[in-house]
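Modelling step: build the complete structure from the supplied sequences, incorporating the hints.
Chains as they are written, first to last, in numbering that gives the first Met the number 0: chain A, 0 to 189; chain B, 0 to 189; chain C, 0 to 189; chain D, 0 to 189.
One thing to keep in mind: the hints can contain errors.
Since the list can't tell identical chains apart, any single copy or any two copies may satisfy a pair.
[To be verified] The calculated DSS-like cross-link candidates involving lysine-lysine, where the alpha carbons are at most 27 Å apart (straight line), are:
#	residue 1	residue 2
1	K162	K188
2	K89	K142
3	K35	K188
4	K50	K31
5	K178	K188
6	K136	K162
7	K34	K50
8	K56	K31
9	K62	K136
10	K89	K62
11	K7	K178
12	K7	K63
13	K34	K98
Since the hints were derived computationally from the structure, they do not count as laboratory data.
A quick note: this is a predicted structure, and the numbers were derived from the prediction, not measured.
There are 4 protein chains.
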Amino acid sequence: MRLKDENKIESIFNAAIQLINEHGLSGTSMSKIAKKAGLSASTIYVYFENKEDMLNKLYLNVKKNMSQEVFYNYDDSISIQSAFEHTLKKFINFILTNKEEFLFLEQFSNSPLLHMLSRNEGTELFEPIFSLFEKGKSQNVFKQVDSNLLHMFMFNPAIQYVKDYLGGRCELNQDDIEKIIQMSWDAVKA
Amino acid sequence: MRLKDENKIESIFNAAIQLINEHGLSGTSMSKIAKKAGLSASTIYVYFENKEDMLNKLYLNVKKNMSQEVFYNYDDSISIQSAFEHTLKKFINFILTNKEEFLFLEQFSNSPLLHMLSRNEGTELFEPIFSLFEKGKSQNVFKQVDSNLLHMFMFNPAIQYVKDYLGGRCELNQDDIEKIIQMSWDAVKA
Amino acid sequence: MRLKDENKIESIFNAAIQLINEHGLSGTSMSKIAKKAGLSASTIYVYFENKEDMLNKLYLNVKKNMSQEVFYNYDDSISIQSAFEHTLKKFINFILTNKEEFLFLEQFSNSPLLHMLSRNEGTELFEPIFSLFEKGKSQNVFKQVDSNLLHMFMFNPAIQYVKDYLGGRCELNQDDIEKIIQMSWDAVKA
Amino acid sequence: MRLKDENKIESIFNAAIQLINEHGLSGTSMSKIAKKAGLSASTIYVYFENKEDMLNKLYLNVKKNMSQEVFYNYDDSISIQSAFEHTLKKFINFILTNKEEFLFLEQFSNSPLLHMLSRNEGTELFEPIFSLFEKGKSQNVFKQVDSNLLHMFMFNPAIQYVKDYLGGRCELNQDDIEKIIQMSWDAVKA
DNA sequence: AATGAATGAGAATTCATTCAT
DNA sequence: CATGAATGAATTCTCATTCAT
Chain A
0 MRLKDENKIE SIFNAAIQLI NEHGLSGTSM SKIAKKAGLS ASTIYVYFEN KEDMLNKLYL
60 NVKKNMSQEV FYNYDDSISI QSAFEHTLKK FINFILTNKE EFLFLEQFSN SPLLHMLSRN
120 EGTELFEPIF SLFEKGKSQN VFKQVDSNLL HMFMFNPAIQ YVKDYLGGRC ELNQDDIEKI
180 IQMSWDAVKA
Chain B
0 MRLKDENKIE SIFNAAIQLI NEHGLSGTSM SKIAKKAGLS ASTIYVYFEN KEDMLNKLYL
60 NVKKNMSQEV FYNYDDSISI QSAFEHTLKK FINFILTNKE EFLFLEQFSN SPLLHMLSRN
120 EGTELFEPIF SLFEKGKSQN VFKQVDSNLL HMFMFNPAIQ YVKDYLGGRC ELNQDDIEKI
180 IQMSWDAVKA
Chain C
0 MRLKDENKIE SIFNAAIQLI NEHGLSGTSM SKIAKKAGLS ASTIYVYFEN KEDMLNKLYL
60 NVKKNMSQEV FYNYDDSISI QSAFEHTLKK FINFILTNKE EFLFLEQFSN SPLLHMLSRN
120 EGTELFEPIF SLFEKGKSQN VFKQVDSNLL HMFMFNPAIQ YVKDYLGGRC ELNQDDIEKI
180 IQMSWDAVKA
Chain D
0 MRLKDENKIE SIFNAAIQLI NEHGLSGTSM SKIAKKAGLS ASTIYVYFEN KEDMLNKLYL
60 NVKKNMSQEV FYNYDDSISI QSAFEHTLKK FINFILTNKE EFLFLEQFSN SPLLHMLSRN
120 EGTELFEPIF SLFEKGKSQN VFKQVDSNLL HMFMFNPAIQ YVKDYLGGRC ELNQDDIEKI
180 IQMSWDAVKA
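Below is the structure:
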């Protein structure tokens, strides 16, 4: 693809994310996305097969950006607890500063439009975390449980916290974030 | 006049839940719900103002059922840890045996169609839990953090686990459930 | 019919007139009328066959009120010009002080829902005017033209004036009204 | 892309006019118009924003046609009385030979769907008449009254006459028309 | 007489997508 | 590649009316 095209995909993605957060998945039509992106609805079909395809590719795109930022400069050599806390902090930071992308992810994750394939591909982008879990378990730093459980206790409460904040249901508070990280650690540590 | 049929609301709710789980919120139309419920689409509008209203009332209905079952025979006098574990167990049990209702809740919670009002009303149904949190904090059994944080660590990982199971992404395992309860406790305990 | 019923018909008529002026003929449904009248939609069908029937009866009702007021104390013995001017003045006064009824009439007169029968019956209520026209023609006070033409020049410009005023397209002005009456007279006089 | 078909708008307008005259404004749905025009209902929405928009544009279109025909070859230099009579004759002729358009205008003029803006724009198309009124007043040929009053006496009785004729409530009669023109003149002349 | 419940028919409008240019 | 035009299918919701009580 040429540069020009990449810009167009970018515009489509941005427009889609904004509209979905404003009006929900079902309230966002292709023509509205096209209008916001400044092109014709039919142009979208040059780049994507259909709405589902577009949404799935957008999902993976966002997940990729997220993983890139979260694992940027990921240092494998520090202590497991440090790696855990550091990564979680970076994750929270990412979803706080990229709330549009994050909220889109949350909406789309619960939709039947998200293909199993995309979901798996998205999960694989967080592979370093699963490595950390395995390493931690082998060193008896983490509880001897399925890594998915560790994953849930690492991310889900934090995700809920940010969702509540972004939904105006609680205040943002640095202290709370520290506590969340502490609690997550308490949950997973052996 | 004909007698208002309470069963009708029940049928509408059941049809809606099933369809939403099968085809997603946006893939579920009022006429499809009506057809499944065995009545005319316009009849739904006798009982509800519009789709949004119907969905919000369905949400509250499900939340109410959930709270009734979770807090049935809720014993205030046992130890805080027992109450915590017992309630969480009952909660997991409810969402496992009422997967349709549970999955609907998860979908709808992320939709902009869910009114703030309904969300709050739904939360209030779980008041006993917040009482437990306050009591536990005063006795220094729980960490001295906002009760919402305790709530997140109590429920969100479990919710994610059941979602993964119901989505076919992991096996159900009694042992895992015990571990989740243990991890939740580790997260919240002082 | 009993008193009680008469009140109900009155309520229905009032509600209908108000709603039609606010939202137009097509924007006014039977259930909205019923709600505004404080009764059930099905009750309207106790008194009228259907919407058309109700509207036609309302039309005649308004026309009857109008004729009663316009011809109240109608004095046959004064000069023809005085009778003409006096009646026109009273007519203008009626439509100015009963703008709701008047505007309903104007809306409904152009609708295909108005039956020929009702229209004729309504016209007959203005019989004294046609008598005046005949008398005036026989005395060579009016032009020797079809009475309907006299009728048009007597009423239509005035009606348009009041419509423009009520529609906010001109100011009400007593002087204008005098001039309209003068012009009408110039048009019909021999 | 396919070429935009100007005929399509024409077809839509024609279908709308016919149906509105047959079944009234409220009895005419977009899908019926589309069917009669030989296209899909959604195609109408390619050309117009909504029903209201379409109707207002149709209104202006008809008004424009009317003004074009009425003022075709309009000669400013003849006597004021001749110009008055000539124009009125042409107007009556237009509404008699374009009864569909005329009746649509009458129905729509009384509808709350007609925007103030369209109404004004429509009136402006008859500017030459208002010039004539001003000129006539300055030469003391017309009464010294608001031009709107002159306008009412010039057109409204004639309009009513044609409506009665088209509604089958009177016969068409060239003599009557001459008389109407005479009466209009008597009404407005100084 | 009065009415809440019920509904089939139909309303306006939007949607995802295709197609010819 | 890009897109305006076009549309069948679907959507939410309203309506006039009927009916059992």
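Taking 27 Å as the upper bound on the Cα-Cα distance, should K62 and K136 be classified as within, between, both, or neither? within (26 Å within a copy, 37 Å between copies)
Within, between, both or neither: how does the pair K7, K63 come out at a Cα-Cα threshold of 27 Å? within (18 Å within a copy, 43 Å between copies)
For K7 vs K178, is the C-alpha pair at or below 27 Å within one copy, between two copies, both, or neither? neither (42 Å within a copy, 47 Å between copies)
At 27 Å max between alpha carbons, let me know whether K56 reaches K31 within a copy, between copies, both or neither. both (18 Å within a copy, 25 Å between copies)
Please work out whether the CA atoms of K34 and K98 approach to 27 Å or closer within one copy, between two copies, in both situations, or in neither? For K34 and K98, only the intra-copy Cα distance (22 Å) is at most 27 Å; the inter-copy one is 39 Å.
If the cutoff is 27 Å on CA atoms, where do K89 and K62 land: within, between, both or neither? Let me know, please. within (14 Å within a copy, 34 Å between copies)
Alpha-carbon proximity context of K89 and K142, limit 27 Å: Answer is both; intra-copy 23 Å and inter-copy 24 Å each pass.
27 Å Cα cut-off: does K178 pair with K188 within a copy, between copies, both or neither? both (15 Å within a copy, 12 Å between copies)
For K50 vs K31, is the C-alpha pair at or below 27 Å within one copy, between two copies, both, or neither? both (12 Å within a copy, 21 Å between copies)
I want to check one pair: K35 and K188. Are their C-alpha atoms no more than 27 Å apart within a copy, between two copies, both, or neither? Neither. Shortest intra-copy (47 Å) and inter-copy (49 Å) distances fail the 27 Å Cα cut-off.
At most 27 Å between alpha carbons: which applies to K34 and K50, within, between, both or neither? both (15 Å within a copy, 22 Å between copies)
Up to 27 Å between alpha-carbons, please classify K162 paired with K188: within, between, both or neither. both (25 Å within a copy, 24 Å between copies)
Comparing the model with each numbered hint stated earlier shows that hints 3 and 11 do not hold.
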